[in-house]
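Residue numbers (full-length UniProt numbering), protein chains in the order written: chain A, 1 to 245; chain B, 1 to 245; chain C, 1 to 245; chain D, 1 to 245; chain E, 1 to 245; chain F, 1 to 245.
Since the hints were derived computationally from the structure, they do not count as laboratory data. It is possible that part of the hints are untrue.
Said to hold, decoys possible - Below are the DSS-like pairs computed for lysine-lysine, each with C-alpha atoms no more than 27 Å apart in a straight line:
{"#": "1", "chain 1": "A", "residue 1": "K110", "chain 2": "A", "residue 2": "K57"}
{"#": "2", "chain 1": "A", "residue 1": "K87", "chain 2": "D", "residue 2": "K87"}
{"#": "3", "chain 1": "D", "residue 1": "K57", "chain 2": "F", "residue 2": "K57"}
{"#": "4", "chain 1": "F", "residue 1": "K228", "chain 2": "F", "residue 2": "K201"}
{"#": "5", "chain 1": "E", "residue 1": "K87", "chain 2": "C", "residue 2": "K87"}
To be verified - Residues from chain C shown here face chain B by an in silico Cβ test under 7 Å; the list is partial:
{"#": "6", "residue": "D27"}
{"#": "7", "residue": "D122"}
{"#": "8", "residue": "Q125"}
All figures in this text were calculated on a predicted structure; none of them were measured in a lab. From the three backbone atoms N, C-alpha and C, an ideal C-beta is built for every residue, glycine too.
There are 6 protein chains.
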Amino acid sequence: MNSTATRADGRADDELRPITITRHWLDHAAGSVLVEFGRTRVLCAASATEGVPRWRKGSGLGWVTAEYAMLPASTNTRSDRESVRGKIGGRTHEISRLIGRSLRAVIDYKALGENTIVLDCDVLQADGGTRTAAITGAYVALADAVSHLRSTGALHGEPLTGSLAAVSVGIIDGAPRLDLPYEEDVRAETDMNVVMTGDGKFIEVQGTAEGAAFDRAELDALLGLAEKGCADLTRIQQEALATGG
Amino acid sequence: MNSTATRADGRADDELRPITITRHWLDHAAGSVLVEFGRTRVLCAASATEGVPRWRKGSGLGWVTAEYAMLPASTNTRSDRESVRGKIGGRTHEISRLIGRSLRAVIDYKALGENTIVLDCDVLQADGGTRTAAITGAYVALADAVSHLRSTGALHGEPLTGSLAAVSVGIIDGAPRLDLPYEEDVRAETDMNVVMTGDGKFIEVQGTAEGAAFDRAELDALLGLAEKGCADLTRIQQEALATGG
Amino acid sequence: MNSTATRADGRADDELRPITITRHWLDHAAGSVLVEFGRTRVLCAASATEGVPRWRKGSGLGWVTAEYAMLPASTNTRSDRESVRGKIGGRTHEISRLIGRSLRAVIDYKALGENTIVLDCDVLQADGGTRTAAITGAYVALADAVSHLRSTGALHGEPLTGSLAAVSVGIIDGAPRLDLPYEEDVRAETDMNVVMTGDGKFIEVQGTAEGAAFDRAELDALLGLAEKGCADLTRIQQEALATGG
Amino acid sequence: MNSTATRADGRADDELRPITITRHWLDHAAGSVLVEFGRTRVLCAASATEGVPRWRKGSGLGWVTAEYAMLPASTNTRSDRESVRGKIGGRTHEISRLIGRSLRAVIDYKALGENTIVLDCDVLQADGGTRTAAITGAYVALADAVSHLRSTGALHGEPLTGSLAAVSVGIIDGAPRLDLPYEEDVRAETDMNVVMTGDGKFIEVQGTAEGAAFDRAELDALLGLAEKGCADLTRIQQEALATGG
Amino acid sequence: MNSTATRADGRADDELRPITITRHWLDHAAGSVLVEFGRTRVLCAASATEGVPRWRKGSGLGWVTAEYAMLPASTNTRSDRESVRGKIGGRTHEISRLIGRSLRAVIDYKALGENTIVLDCDVLQADGGTRTAAITGAYVALADAVSHLRSTGALHGEPLTGSLAAVSVGIIDGAPRLDLPYEEDVRAETDMNVVMTGDGKFIEVQGTAEGAAFDRAELDALLGLAEKGCADLTRIQQEALATGG
Amino acid sequence: MNSTATRADGRADDELRPITITRHWLDHAAGSVLVEFGRTRVLCAASATEGVPRWRKGSGLGWVTAEYAMLPASTNTRSDRESVRGKIGGRTHEISRLIGRSLRAVIDYKALGENTIVLDCDVLQADGGTRTAAITGAYVALADAVSHLRSTGALHGEPLTGSLAAVSVGIIDGAPRLDLPYEEDVRAETDMNVVMTGDGKFIEVQGTAEGAAFDRAELDALLGLAEKGCADLTRIQQEALATGG
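Between the sequences and the hints, there should be enough to build the whole structure, so can you do that?
Dropping the structure here:
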């Protein structure tokens with residue numbers, strides 16, 4: 001299952017692209033991160049407000065949600081603006097739901113109290129792996145927003161029960177590979193996005209046979225690669241959060 | 001990881017609910033199936049038309065797509081009609097895309113020729129596992145539609161490269177279980193939908209930690225259960241297709 | 001005005017198609033009926049909830065409304081899904097309003113109390129007369145929902161002031177005929193839908209000249225046929241409601 | 001069935017309100033009429049264009065359609081603008097379809113040739129009977145548009161197979177009455193709109209029991225009143241069309 | 001910058017078209033005006049209601065807003081109905097906002113009290129300058145609505161801090177001209193709409209280079225023309241308001 | 001006309017905020033600029049495609065259009081996403097139209113040939129003057145896109161007939177000031193946006209009395225400030241375009 005073919009960017013099959021996490025990229029948001037996975041560039045902004053949606057009022061519990069979108073010029077060929085089309089596409093819906101669900105998996109609603117944090121993940125430039133970059137960056141923005149709420153006295157305990165990172169893996173030309181850029185993504189026979197906690201457990205596993213169905217051995221190899229990649233991303237997140245702020 | 005707790009409906013942890021596949025439920029559609037997974041009841045209709053969408057014209061290739069929806073009264077509490085709200089929700093989008101993508105994985109577009117088959121999967125009654133019942137039934141309706149097209153001379157070869165079934169698995173009270181009804185689904189710590197081909201390969205794996213993150217061993221146990229369930233469903237599909245028609 | 005031409009299905013001009021009313025077709029809804037007028041098949045589900053819409057709160061009065069829709073594959077040629085198009089067509093609006101208005105004509109809001117009953121009429125298969133089948137079936141589902149509310153103590157008196165049935169009539173090849181299937185409906189020079197109470201009064205009369213304008217004698221003949229058909233349907237409803245339940 | 005109660009405006013039960021038809025109210029449209037039924041005031045504009053909708057191209061047949069709308073301030077209490085709400089209500093849909101269907105009943109598509117005429121009926125002031133005023137005025141605007149097309153050489157034969165008028169009738173305080181203003185309309189037990197040709201045949205009959213179901217004798221009385229009212233309106237239309245132009 | 005070319009309608013460059021202001025054109029609205037600038041004809045209706053939008057409740061302040069729309073047949077070539085298209089175009093949005101903003105500039109919210117006045121400006125016939133005619137007429141309808149509210153005791157002081165008129169100016173064939181009809185509007189190199197108070201101050205200045213950019217001297221000339229035109233319109237408004245009522 | 005009140009950021013009344021223009025901020029777009037007016041930060045991307053919209057095909061003429069939007073977290077308080085609300089607000093429409101119209105004023109369609117350039121102006125951070133920053137940055141992105149098209153041989157002549165810059169001016173505490181940040185913008189009595197060509201002519205003048213109407217002298221003072229500001233911006237644009245690329 002190993003491949004002798006080298007990757008276009010010279011990486012090893014189990015190697016991430018250069019990852020950059022720039023905190024405090026915006027002045028207004030409670031937390032904001034510009035995250036880069038190679039040329040993929042996502043702006044993750046966490047807006048915190050006191051209060052929760054109507055259906056949750058009086059429960060003493062907080063709420064976390066996310067919205068994902070791509071700027072029209074972020075892709076190779078300009079894509080239509082969803083606000084102009086008047087409706088959100090299925091892919092956008094899917095990814096927004098994935099990000100929100102993933103973040104909520106590391107939130108203790110009680111410790112958050114009746115506060116709401118909205119994560120906006122806007123893709124400024126897309127080169128594959130935008131949803132996994134978004135989740136990885138959104139976690140850091142969320143951590144900053146939590147610190148911000150604590151500093152203003154809006155919450156006291158620790159609503160984060162762990163950290164969160166995500167990476168894509170896939171089988172290209174028969175070889176399992178980590179962190180696919182667009183050029184590999186379109187050629188992948190199988191494509192999987194994996195979201196994991198910082199202590200190595202799974203939050204989401206979404207695998208899709210693009211070309212041919214995959215067998216259990218291939219699935220196992222991809223899961224192994226994802227475990228390695230998420231562990232690397234967790235380390236990079238911790239370094240970013242340890243610096244300044 | 002085994003559980004001594006028995007299931008509310010008395011099933012073994014690796015046992016499917018009673019499965020019923022009724023073919024030719026409608027008079028007009030090229031293929032139509034009423035599929036039942038216990039009390040979950042989905043009407044799958046395959047409409048075949050000559051020609052393909054504009055972006056595919058002249059390619060010699062066919063197209064298969066799917067739309068999923070729930071009738072308002074299919075759920076415990078009546079849900080709003082998406083046509084009345086004027087937009088399709090994220091969950092509906094997600095499942096429609098999942099069904100279409102899964103079916104396309106067993107289609108040879110060239111053999112299909114410039115024909116389009118639309119699979120409408122309408123949930124008449126929901127009791128958990130509606131998307132997996134829909135995929136399992138839709139495959140049978142698709143097979144009937146293909147036979148219909150062949151009988152009318154609209155196609156000649158075999159556009160189906162294999163069969164397809166889907167099942168849900170999850171961890172409830174610490175125990176991995178197959179084919180979750182609603183009552184188990186809402187209590188599941190982890191919930192996974194798996195789509196497989198008749199020869200035991202994976203098409204889609206979608207696992208989500210609802211309560212707590214899951215480790216690799218739990219993931220492996222769930223995948224094993226899904227392999228067992230999809231094999232059982234494949235057998236039931238074959239029996240249904242072998243009968244009359 | 002009599003016709004020697006026999007009908008394609010061998011019926012007399014004043015004869016209904018075979019009518020089937022299957023109660024309790026769903027497990028969740030307060031009342032549910034699968035009604036069949038020949039090959040036309042409509043699922044009527046009555047969902048009951050305590051409380052009324054905002055504009056009616058505190059009035060002590062109940063509310064009844066209806067929504068009609070056709071499944072995409074219910075027709076000869078697949079029709080687009082209104083939720084996908086993002087808006088409800090004029091025909092759907094018209095029929096939903098007709099069903100709701102008709103049912104409200106036999107409701108005593110005061111006796112219903114501040115409860116709301118929504119009738120969902122989803123056409124599973126269409127062969128002419130879907131709106132009249134929907135009204136005829138919806139009345140039975142409504143009656144079951146009222147019994148259900150009474151059994152749960154949510155209401156005490158009798159909110160139903162009478163029963164309700166509906167039938168289509170039309171002039172085909174110069175002959176007035178009862179209960180038109182699709183094949184006759186498209187050829188009708190005049191098409192009329194009539195909703196009547198069980199004691200022979202009119203609730204709605206909707207006649208349309210499709211081809212040529214009709215004179216008063218033709219109108220009178222059609223009204224007479226409708227009176228006969230609604231009386232037959234009333235008897236069939238009573239038999240269905242008298243059985244089991 | 002006669003009533004000793006006099007009407008608020010002093011009319012006899014079978015008397016129309018003062019009817020005014022002002023032709024050529026606009027400079028641009030091929031035909032335009034300001035029609036007044038008492039205080040109800042509707043602007044009917046017929047726009048003619050060469051060509052037909054895509055689905056009718058090459059058929060040699062023309063097309064006629066209509067759109068009805070109410071200005072927000074036309075009613076007692078300002079109503080929301082449908083363009084602002086982003087969707088057309090069921091009532092608007094229903095009436096637009098009724099007007100279009102009625103007009104098409106007196107059109108010979110072949111004689112019209114591949115021309116399209118759109119009738120816009122905008123209610124400037126509403127005091128009951130807006131749909132019947134709209135149909136009565138739209139016929140005159142349509143006749144003017146047809147003359148205009150003939151004068152430009154766009155058509156040669158006579159596409160109008162007859163004339164068309166419409167009136168409302170209803171039972172108020174037990175008495176059948178003609179041409180209901182708003183004050184009577186809201187109190188009507190039964191409300192019926194009737195569209196007739198100039199030679200006394202029926203195009204549309206739409207009767208609705210608002211309060212109590214109506215029997216056959218009441219229905220017959222209402223139909224008689226409508227015949228009388230439409231005959232009067234036909235005479236007024238003919239006078240308007242005979243004058244100047 | 002002077003032009004020897006005479007205008008198609010024989011006016012001097014600084015002369016308004018014939019202006020007509022007809023008050024009380026509708027029976028229901030608190031104020032209503034049919035305003036005509038030459039062949040441009042706009043119906044301005046002011047609907048007054050007690051209470052204010054939710055976000056303003058309890059403030060003691062009133063609210064004034066406006067909605068502008070064109071009837072489909074008001075233009076040379078019929079334009080689509082925005083309610084049918086399901087969304088309001090950018091131009092309509094812009095003009096509605098301009099009218100509302102302009103009117104609010106002469107309103108003392110405190111003196112208005114918690115009342116809301118909505119100005120509906122519907123273009124019945126368009127021949128250039130519809131937005132300036134709308135503002136000029138809307139002011140008069142607003143003044144009538146204020147008087148109406150005062151007469152019913154709903155307000156006591158004077159919420160109007162001044163009067164308001166608007167006019168278009170433009171450069172056509174090198175010459176600055178006042179109050180452009182459609183035929184001049186489409187040929188204008190520069191087009192400016194100016195809203196002024198009755199005492200000669202500016203509320204809105206919106207100038208656009210349609211063909212070539214304009215220099216400061218041209219801008220100054222246009223502003224001078226607008227001052228002259230608005231003064232003339234103010235006089236006509238005062239005369240209209242002084243008469244009857 | 002000078003004010004003794006100093007501005008919060010210490011600028012002179014006729015001084016711009018620090019302006020930064022970063023070209024080539026994206027990899028895919030034909031031209032892309034991150035423009036900063038103080039803390040206001042707008043990403044301007046110019047996407048070029050061969051061909052023009054349907055209504056312009058075969059004319060030999062090109063097309064330029066623009067879309068403006070704000071990211072949800074760009075403002076002090078998070079604003080709703082227009083794609084989620086399902087419609088574009090009036091303000092967004094207005095600004096998109098303003099940007100497109102302004103850019104088209106310096107385009108020679110014939111020299112552009114049948115190419116389309118779309119300018120996406122996405123506000124990443126908002127602190128007043130987002131529309132003027134967008135226009136100023138969009139011009140530079142447009143110039144880069146034109147160079148790109150020339151380098152690929154898609155066009156040969158010079159479609160740019162001049163350069164373009166825009167700035168806001170306003171009266172705050174009685175003093176006319178240049179380039180208002182949010183804090184001044186909300187307090188401005190009068191607010192004007194001015195778009196000018198590089199050679200000092202006007203393209204757009206949009207002035208609005210927010211608090212009190214303004215007289216001719218104030219208007220003149222604001223125009224003078226805008227002329228100064230646009231001249232400064234033109235110089236900065238030229239420097240940016242002269243560097244590297």
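How the hints compare with the structure:
1. K110(A) / K57(A): Satisfied, since the Cα-Cα distance of roughly 13 Å is no more than 27 Å.
2. K87(A) / K87(D): With Cα atoms ~15 Å apart, K87(A) and K87(D) stay inside 27 Å; holds.
3. K57(D) / K57(F): holds, 22 Å
4. K228(F) / K201(F): Holds - the C-alpha atoms of K201(F) and K228(F) are around 12 Å apart, at most 27 Å.
5. K87(E) / K87(C): holds, 12 Å
6. D27: holds, 6 Å
7. D122: holds, 5 Å
8. Q125: Since chain B brings a Cβ to about 6 Å from Q125(C), closer than 7 Å, the hint holds.
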